[in-house]
Amino acid sequence: MMAASVLLPSCKKEFLDTAPTDAVSTEVAFTNTVNARYALNGIYRAMYLQYANQDEGGESSVMIDMDMMGEDVVNRNVGNGWFRDIWRYITSRSVNGSQTAFVYRYYYKLISNANAIITNIDAASGPEADKKAIKGEALAIRAFAHFKLVQIFAQRYDATTQNTQLGVPLNITTKVEKLPRSTVAAVYTQINKDIDDAITNLTGATARTNKSHFNLNVAQGLKARVALVQQNYAVAADMAAKARVGFPLMSTDDYKAGFNNYNNNEWIWGITQIADQGTFFYSFFAYMSVNFNSTNIRGNPKCINSALYNQMTATDIRRYCWDPTGTDATLPVPAGGSRYPYMNRKFLSNSSSNSYGDLVFMRASEMYLIEAEAKARLGNDAGAQDALFPLAKQRDASYVKSTKIGTALIDEIMIQRRIELWGEGFRFLDLKRLNQPLDRTNSNHDPLVSVQMTIPAGDVKWQWLFPQAELNSNDLIIQNPIN
Amino acid sequence: MKKFLLNFLWVLLLIGSQAYAQGPVSGRVTGKDDGLPLAGVSVTAKGTKVGTQTGPDGRFTINVQSGTTLVFSYIGFITQEASASANLNIAMLSAPNQLNDVIAVPYGTAKRETFVGSAASITSKDLTNRPVSNPLSALAGVAPGVQVNPAIGQPGAAPVIRVRGIGSVNASNAPLIILDGVQYEGTVSNINAEDIENITVLKDASSTALYGAKAANGVIMINTKRGKKGANQVNIKATAGLMYRGVPEYDRLDAYQYYPMAWQAYRNALLSANPTLTRAQASVLASGQGTIDPLTNTQLPPTGSGIAATTRFPSISQTLGSLNNGNLITQSNNPFNVPANQIVDVNGVINPNAQLRYDDLDWLAAVRQPSNRQDYTLSYNGANEKTDYYVSVGYVNEKGFTVKSDFDRLTARLNVNTQATKWFKTGVNMSGAVSSSNTLTSGGSSYINPFFFSRSIGPVYSVYAHNPATGEYLYDALGQKVYDTGALANLGVPLRPAGANGGRHVLQELLLNDVSFKRNIFSTRVYGEVSFLKHFKFTTNLSADYQSVYNSSYQNQLVGDGAPGGRTSRTANFNTYYNLNELLDYSQTFDKHNFKILAGHENYTRLFDGLSAGRNTQLLAGNTELVNFTTISSATSSKDRDRYEGYIGRFNYDYDQKYILEASIRRDGSSRFSRDSRWGTFGSGGIGWRIDREDFLRNISWIDLLKLRSSYGAVGNYQTDGLYPYQSLYDIANNGAEPGYLQSTTVGNPNLKWEVNKQLDVAIEFGFFKNRLSGSIEAFDRRSSNLLFNVPLPVSSGVSIQTQNIGEMYNKGIELNLAGDAIRGKNFSWNINFNATSIKNRITKMPVETPFIVSGINRLEKDHSIYDQYTRIFAGVDPSDGSTLYVPQEGATGASIRTINGVQYTIDQNLAIQQYTGKSAFPKVYGALTNTFNYKDFSFSFLVNYQLGGTVYDSQYQSLMSVASYGGAMHSDILKSWMNPGDVTDIPRIDNLRSTALNATSTRWMKSASYAYFRNATLNYTVPKKLLAKLNVKNARIFVSGENILLISARKGLDPTQSFSGTVDYAYPQQRILSLGLNVAL
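Note that the protein sequences, when read in sequence, are chains A and B. Each residue of the first sequence is one higher than the last, beginning at 0 in numbering that gives the first Met the number 0. Each residue of the second sequence is one higher than the last, beginning at 0 in numbering that gives the first Met the number 0.
Hints were generated in silico from the structure; no laboratory data involved. Ideal Cβ positions, reconstructed from N, Cα and C, are used throughout, including at glycine.
Derived BS3-like pairs (lysine-lysine); straight-line CA-CA distance at most 25 Å:
#1 B/638 <-> A/11
#2 B/861 <-> A/177
#3 B/533 <-> B/110
Derived Cβ-Cβ restraints for the label pairs, each shown as a range:
#4 A/126 <-> B/861: 53 to 59 Å
#5 B/688 <-> A/21: 52 to 58 Å
#6 B/279 <-> A/402: 52 to 58 Å
#7 A/326 <-> B/444: 31 to 37 Å
#8 A/392 <-> B/619: 49 to 55 Å
#9 A/309 <-> B/622: 46 to 52 Å
#10 B/444 <-> A/402: 53 to 59 Å
#11 B/880 <-> A/482: 18 to 24 Å
#12 B/893 <-> A/33: 54 to 60 Å
#13 A/11 <-> B/608: 20 to 26 Å
Which chain B residues face chain A? A few, computed with CB under 7 Å, are given here:
#14 272
#15 562
#16 729
With the hints as constraints, model all of the structure from the sequences given.
Here it is as structure tokens:
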């Protein structure tokens, strides 16, 4: 050894220092506000990344899950099996379900990235105004993710109780540690704190660079959604009205254009994808569009519940989005694809060979519906009728302002909501927040395909099970009841 | 090289020893196997010191009188005696597994006699008969402790090798490959087996410690050929062969058996979905003999069933395939000549008049192609006193038995060494290989994996489209048969359901797509060796390997993932590996004390440059290059570096080759660890005692060798998953057109350090009765600590994994190796070589945060092996309704709990308890048996690998027994499933709706992993010299050989050699290769 060190040349210390070219260090990420903005952009990108399987495409896959677990989207065939076990309520009840693990992991990934920004942004160099806005967005993202998680994995928020039932782990630091489930009440407290802080920080911020970002409107819209779930209807109505300011309802032509245009003036929040982000089979449009040439769409074009379809007036322009006969040749079905009655053409992929496209997360119509529903549930029938009218009239020129009151009015608003937001990822969460049963009977649901035709309100199946991956690494988690 | 070295040694030893000339006798010594002259054979007059050795041409002259008994001895051959006479021709028989040998060790060679480590080797002789494109395949069965799982059938694929168990949980378990003295990371199938002189596997810590950096999993040293002293010789080897499927397909139902079982599965599903139906009603509906609704061509619910009249029921043939127009089902699956609603009657019995009208239902046959293998090598070599050379060119072409799988390789090698001056020696060994290959997806349930597609599709679906009315084939405009993709609505052909891979066509896709690679490697090793001050030698080795791989992938516009636009991608990877070492040797002998000291330094750099791009939407048909596509779907590049540096020291001592001592030390640094923890120091020590050389044994004539040896040492493992595990990183993730980055899911660990593998090894080596019986018994205890463990972090932390040095594991084992000459006659000999290994693996420490980790069928936990199987316990089938019974969780309640004969069960897999099953994928014992027979000019040998014990989780069988999707293939055992109340069977009801619960992962799918595998048999014929003399040929040999001949496992189709972890996949079945070869020396 001595001889070796004397005789032989030794290398410089730096010889063993290597670094990748396709990544940057944490220190670099938060040196200044310019870099921190990149870290923020990455979070929005994470909302449409593919995680593992092709049914793990970020937010778009969760949106599909939420409709698959309702009764309004109908599968007449199992297709190639993707999402089959979600709509049969098998995956959500299996600790080993890869979809369960994905949903859980995905939202905590958003949270963790947001936490890094919230923690590090103050020390970064750059204008204070930028720091404030960046932090505001990160807070809103954290609220958004916790809100989705608590709705999916915990029992519903019930304003008539203390909500001491177990929620989800609240992750609000950059520390990597085992976290127990906080109560549903505590989770909502944090969500509201984050969203309120976000609204404060985003008020007066310079215009966002891209519609994928949270701005004041999106934050207010999120606050409206949270309040709706908490049955805090006054706040919901107020925030919904504020959120839609500057976002007029889309025209009939736009409505028929395939829900794939980021520049649609009604979209408050959405994402755009560019071709080299290669979405292939994990895109929303690979499952929900009429025209993308995937095995799933060829074998299993998504249909609307026939009972719901039949609630539309004859002059409703939204009828265009579905073909009740299954024979309408104007639907651009991919070559060799099946046709089923009530199949949709609401969603159009950019082409049959490219699945990338724009995806809507929040639009003005939802805000009209929230305001109307909230006012109706508050007993403000006139206010609710007024709130619903512009939307209903926009979709059906012969619509006359509703004169219904009470439950009948609420029912009308809910039908409008189900039709207007069909396929946009709301139904399961609506049923759950309203403590309603799942009922797929008396419709075009095929019991052999859907299997799970009814689930009573309050059943254990309304809660997804915590994934094995979390149980493996976090023994503080108390699993939801199996039965 | 071996012969050359010995030759050289003999020259040294024998200088001045020639005396007592009594009269010359001359002759020639050749090897009996190959008829080639043997140089350096010791020829001595028995009982005297008179001796000589053979020259390069095998000739010798010795001054003894005729009739004197001459003893011919040569390392690696059986010592022979003969009476001296004029023109004596001696053909020496090689002694396989002889322990006397020179073996390759790190940074040099060692004599077997004084070697205290554990090693096993094969030589060119073992390799030349094997039709293997990857030379490592020939290691199967060569030594105890070395497990070689055969390569998958993809031509050119590599086998998977484990030395002495599984040492690491998350870091690599692959042994280190050393090619001609330097770490080699190119693909081993770049190397022409014919160029290899020997392959040595080093198993214990003392022999591997000098490669400290990566040697924790054993070392495989490959040495290529050098020129041999003697006349220039040209060798030509040619083999040609045919390849077949080596492992049979699982037993599956044919169309006649399938329809009634599909009917069962569907009828039972109807009952499960509609509890108000009676069994009789459901049976009628399933057969398609209910009341037909003309609007839908399906059946209305029977009156009194309590089901809404709006609900309609298809028949089994409509379920297995249908075509609809709006609600109206116009076509259904029907490969038979009877009407679709009469294929199966209401009792579930197939119509006795049903005959198949299609003859193209066999998808296995459809993806088969005529296969063949050709392998040629031309080499020439020679040497004079100062310079030796070896030159070869080789060509291999393999066409696998499945379409679009082949391998084509051209190799060349040049190895020149010269003693330039008395004190300076130098040499260069250069090789190049140019390969190209069409590759198949092997493993996983991808539609373009032909082994998934053909195994999983039901036997009632035709490869080509037929007119459903007439049964005639349909042809396209070019007169070609139309592939039935299961999505030909436009041709009026019924669509295939999900279980039958509707919309996809593996044959058409494989033929239209392109998945291929081109791989070039250029490999150079250069050294300079300076001898000085009598006892010192300084060597510098420099090596550079450049490997580039260019992958092409194209998916067509007609069918599959690329349709309808078509998509293409190209990936180019340029990997460069540089190694530089400087070694200083000192050797000295004082009387009977022999010393050797080695000191050295080395560094190693790996550079990975990658570039990839993809585009979709094809313009002109036929051109699959990127430029012919419109939309860029990806374009990226990256550069990575991985480095290590090490200091080496080794000390060898022996006294009279009787007492042997060895010690080594190595200090290594790796770029994968942070500055504060990147250096690790490893060392080893070994002792040996040649008991047979003690005076008290010297006179016992039947003991030829008795050696006791032991070693203990530590080696390191740094092979983490990523190259930068100590750094916390942000990955680049652009948001639309906005630049962005995103936290990596792996958290950096600045404290990460080397995983350490400490091994104790004790062995006895023996050779008795003139080495007629030889072998070794060896015990080892290999303990891994500071395991590079990918510790799963709480998912709710938003990150996934941090690599930590946590956990401990051991592998303890016993290895037995026996070689014997059952018959050692003049014309006939029979040699048997047997080895067996038994290993016990245990985890002894787990991370505190995660005391157990469930992963698939295994659970990692203290006091269990890494492959202990953990799942639900299958407890039989309830005879009342055919439900699968599982052992329930304690305290489980609800409707799924059943009590039968006083015992509680559950039929809900979510309420089943998951526990250790007491089974493990580790076998009790594994090993190999080789038999070699020699008769005159013929020799025959065969090799059997075996494994006893262990359990494999047969997921393939599980899939074939599950009926979750309509249209999937079924295993023949489904015929024995529960069908009627009261049936007592261990195969549950088949039910499309309840398949998940009925066929959940459980002990039901575990099967013995024992197997016997006839891996190779070779018959050799050496053409007699008399016949060759006229042709001016020195030597010729003809051989026939079979590879992967027969696998006997616990279930037909089950291949337990696919993995060490006890899992099986839709893998390319191993190829059985039958070949005929000719080897000629000019």
